[in-house]
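Enquirer: Chain by chain, the residues:
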Amino acid sequence: MKTLFAFETFSEFLIMGNHGFYVWSSYGLAFGLISLLVGFSYLQFYRWHNAERVRLARLERQKLHQQQGDTGP
Amino acid sequence: MWQIFKVWFFQMSSPPIFFTQIVPWIRWSSIVGGTLFLIGLVWGLAIAPADYQQGNSFRIIYIHVPAASASMTAYVMLAIWGVIFLVWKIKMVDILAQSLIPVGLVLCAIALATGSLWGIPTWGTAWAADARILSMALLLFLYIGLFLLRTQLKPLAKAQKIASIVALVGVLNIPVIKYSVEWVATLHQGATFTVTEKPRMPPEMYMPLLFTVLGVYLLMFAWTLIQARWLCLQRESGKQWVNRWVTTKS
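Protein sequences appear in the order of chains A and B.
Position 15 of the first sequence, counting from 1, maps to 15 under the numbering used here, and the rest follow consecutively.
Position 92 of the second sequence, counting from 1, maps to 92 under the numbering used here, and the rest follow consecutively.
To be clear, the hints were calculated from the coordinates, so they are not data collected in a lab.
On a predicted model such as this, the values are computed, not experimentally measured, just so you know.
It is possible that some hints are incorrect.
Stated by the list, open to error - Chain A is faced by these chain B residues, among others (derived, beta-carbon under 10 Å):
#1 Gly115
#2 Ser116
#3 Leu117
Beta carbons: idealized from backbone N, C-alpha and C, even for Gly.
All chains should be built: construct the whole structure from the sequences, respecting the hints.
Expert: So this is what it looks like as structure tokens:
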């Protein structure tokens, strides 16, 4: 029976006429590298965002202390 | 029309305006790009017929060609933005260039790695001192150089200037990559697509390729814009609008 797909069974699709290793490792590598790019970029931004938030919160606290005339312990 | 474009262009070259106005562009290009890429991938991997000569290994084309093509286009964009930055010093253009470099680098690495994996069953070798492969490897080194310049060199003004010049000089490599398969006898096969000629593949093989190429271009565009938004915040840190964003978003 002729189907829409180029392979008759799922295992044929995975084996790809003995080329499965090359095809699947190509796609695996590509997606792996893209995930690394996205992951590292996000981590870098996340760290910056956190540090910046901490810095701004500290500034805010200092301002508040100065307004109340608090000289600290 | 021209007036509208000019006003839009000037507005977009301001980081705070770019930061808010670009969001729908990111959303739509990632939705459309992701959909096109997935359709192309399923079509190419499971539905397209096997090649009569290369068997199923030819299915690597659906990631190899989009990655190679997008990484070359990205480099040309870097060179154009380099000129714009050197002449007009538009900071938004430099932010975009810095955002595009890691994407181009990863795409170039994907093109080389998948090409290598495709070469083993097809040519019997993963690497050859071939004009196309060597010029593509040079592109990878250019990207690595640009990436290191951008991340390691201080102060920023110096890194911006040198990276723009390197991008500009390195663009000479792009026609070498493009025409290497025509100028010299190479192991690498000729171009599958050209703008002027009929594709050298039947439609059931090249249609999925068109989908993945378009998808990868749109996804590259979307990711560059996302990175550019993040970089806008970092470059402008300390300014009122950035502080407001940092404190409200958690």
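Enquirer: Indicate, hint by hint, whether the structure satisfies it.
Expert: Status of each hint after checking the structure:
1. Gly115: Since the shortest Cβ distance to chain A is 9 Å, the answer is holds.
2. Ser116: holds, 9 Å
3. Leu117: holds, 5 Å
Of the numbered hints stated above, none is contradicted by the structure.
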